[in-house]
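Protein chains: 2
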Amino acid sequence: MVLLQVARIITTLPLSLSFPFSTFVRKTSGLRSIRSGICLNISGRVASMSSSTSKEMKQIDKILSGKEDYFGGVVVEMSNEPLEIDIFAASLRASLAHWTQQGKRGVWIKLPIELVNLVETAVKEGFYYHHAEPNYLMLVHWIPATNNTLPANASHRVGIGAFVMNEKNEVLVVQENSGRFQGTGVWKFPTGVVDQGEDICDAAVREVKEETGIDAKFIEILAFRQTHMSFFGKSDLFFVCMLQPLSSNIQIQEAELEAAQWMPFEEYAAQPFVQSHDLLKCITDVCAAKLEGKYHGLKPVPTGTTVSGKDSCLYMSMADASSNTTSAL
Amino acid sequence: MVLLQVARIITTLPLSLSFPFSTFVRKTSGLRSIRSGICLNISGRVASMSSSTSKEMKQIDKILSGKEDYFGGVVVEMSNEPLEIDIFAASLRASLAHWTQQGKRGVWIKLPIELVNLVETAVKEGFYYHHAEPNYLMLVHWIPATNNTLPANASHRVGIGAFVMNEKNEVLVVQENSGRFQGTGVWKFPTGVVDQGEDICDAAVREVKEETGIDAKFIEILAFRQTHMSFFGKSDLFFVCMLQPLSSNIQIQEAELEAAQWMPFEEYAAQPFVQSHDLLKCITDVCAAKLEGKYHGLKPVPTGTTVSGKDSCLYMSMADASSNTTSAL
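Taken in sequence, the protein lines are chains U and F.
Here the UniProt record's numbering is used: the first residue of the first sequence is 1, the next is one more, and so on.
Here the UniProt record's numbering is used: the first residue of the second sequence is 1, the next is one more, and so on.
None of these hints come from the bench; they were simulated from the model.
Treat the hints loosely; a few may be bogus.
Pairs count within a copy or across copies, as identical chains cannot be separated in the list.
[Unchecked claim] Below are the DSBU-like pairs computed for lysine-lysine, each with C-alpha atoms no more than 30 Å apart in a straight line:
hint, residue 1, residue 2
1, Lys67, Lys188
2, Lys188, Lys209
3, Lys188, Lys294
4, Lys281, Lys209
5, Lys110, Lys124
6, Lys188, Lys217
7, Lys104, Lys209
8, Lys209, Lys168
9, Lys217, Lys299
10, Lys217, Lys294
11, Lys104, Lys188
12, Lys281, Lys168
13, Lys281, Lys299
14, Lys299, Lys188
15, Lys281, Lys294
16, Lys104, Lys67
Could you build all of it, start to finish, from the sequences and the hints given here?
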């Protein structure tokens, strides 16, 4: 049975594969759980197996299959089929030896959460955590003795604050029912976090709609704030966005808000809490200047795709300083 | 020995602690590895222990110690002292029961990489991955049956591109020795990733210095681009920064660059690669407008500390449209 399985593996290997010879051939019960396209190190003793397959356990040290990246590294994405720890450990060691021989640098292994039983093995083989999402953990290993130049994880959370003014010069403000402002009596702009994959302008419109029921159109980014050591030590970018309301009837999101209302802008700006915090006062001054026609922020301009083929959008000033009008470059 | 240890625990407990009674008292060999300030569920049978300690193994189901957050959740930060899996499992179950009873919502457990042996246990008890850094994994569990409102991980990587012009209208350009531009002959602005904890303006100055040896002063952000499904599926913000050079002698970072030079701006802009990519062309047009005095970007204004006490900086337009001059609001 083992000979048949080995023969099947040999006949399915791409012709371009070379056969470096390692020490032994392993019982192949774990093979199917490793992603297709595996390269095998097959023992030089395969040729002599026919007389001994029924009598001995043999091993194939399997190299984990991965894609090469642009920087001399390899990325392995494990499927979520169960895999025994000892089979994974042996594959990992064989793979590291193989990649070291090939001169690879960074090795990435993406382990779905279903394979949580393999995390400890990877760490014991020298991998460390790079990042995680709810359904996977990315571990990484730097092979050469040179400085580790692997890029860090995503570093910033991105949020928006929405400055929504109606035609009566009233600004949309809310009071939250949780968080640091709860119970303080402070009225603030609707705020929220930009989802991964979401454009900043879309996030602003979405948050206003979700929290207050108000439909709005994105106008421009007035300013943004960067701060550090925020949520779980990450850095934070907060974009102050100006929106134009398209409706007026407020319906609050009771899970998040205590109240919401249209408030005269001067009353919002005069709150002691706003006046006593430099950042809020500065933002309020920016909004006031915008209302007076004395301020130009950044507007989104679709710019096709990036050099890697992804849609992109450039936020830029559309004010032409020489003519005091808004014009495209 | 067990009675002595239990007695010691009882005498060190804060007076304000209440004593909900659970079923049994556990052998306490794992106690010291759990962070100080632990609350204990001690059996109603403690009072009768003196007659039986030498004869039976008892258990204390220990509640993991955590800090409350602003949103009805609790954050547990484990120390990196070794802890047996079965002790951790029992503590975790007892803790979850306790927190459920208290009406807690999100439960966060920060496991240092030294405690990788505990990851599988946490996942089996219903925790999932929230985020990871090289030396820890953050897992989280949502207790109530209501919608999970836990915030997501950091979603964006942030990078800069440096537009550095000298007094001869020459722009600082580089050719990289790795990555997608390697070997293409394309000359590009110096670019790089903003480190966690680093201001955008500082990152731009740092990258220029590291890659080319040029000292430079940050002037303003001209524009920024947002894109999605970038590095490991994260979103990406790329800030085009204008810098003023303070030196002229280029010394390239050989680990990253093939070459660097001062190139006439028109020659940079005329490259077929730049002309054929909308984003690059748009950025080039912004730079050209800036050189003609027709464009104002965003400058950093220190704004003291945020409402949570962290230093912050607001990037805002400093151009007053009514007078065509640059003035503070």
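Hints, verified against the model:
no. : hint             : verdict
1   : Lys67 to Lys188  : between (48 Å within a copy, 27 Å between copies)
2   : Lys188 to Lys209 : within (16 Å within a copy, 41 Å between copies)
3   : Lys188 to Lys294 : within (23 Å within a copy, 35 Å between copies)
4   : Lys281 to Lys209 : within (25 Å within a copy, 35 Å between copies)
5   : Lys110 to Lys124 : both (16 Å within a copy, 19 Å between copies)
6   : Lys188 to Lys217 : within (19 Å within a copy, 36 Å between copies)
7   : Lys104 to Lys209 : between (49 Å within a copy, 28 Å between copies)
8   : Lys209 to Lys168 : within (20 Å within a copy, 51 Å between copies)
9   : Lys217 to Lys299 : both (12 Å within a copy, 26 Å between copies)
10  : Lys217 to Lys294 : both (21 Å within a copy, 27 Å between copies)
11  : Lys104 to Lys188 : between (52 Å within a copy, 27 Å between copies)
12  : Lys281 to Lys168 : within (22 Å within a copy, 41 Å between copies)
13  : Lys281 to Lys299 : both (23 Å within a copy, 17 Å between copies)
14  : Lys299 to Lys188 : both (23 Å within a copy, 25 Å between copies)
15  : Lys281 to Lys294 : both (17 Å within a copy, 29 Å between copies)
16  : Lys104 to Lys67  : within (12 Å within a copy, 43 Å between copies)
Checked against the numbered hints above, the structure breaks none of them.
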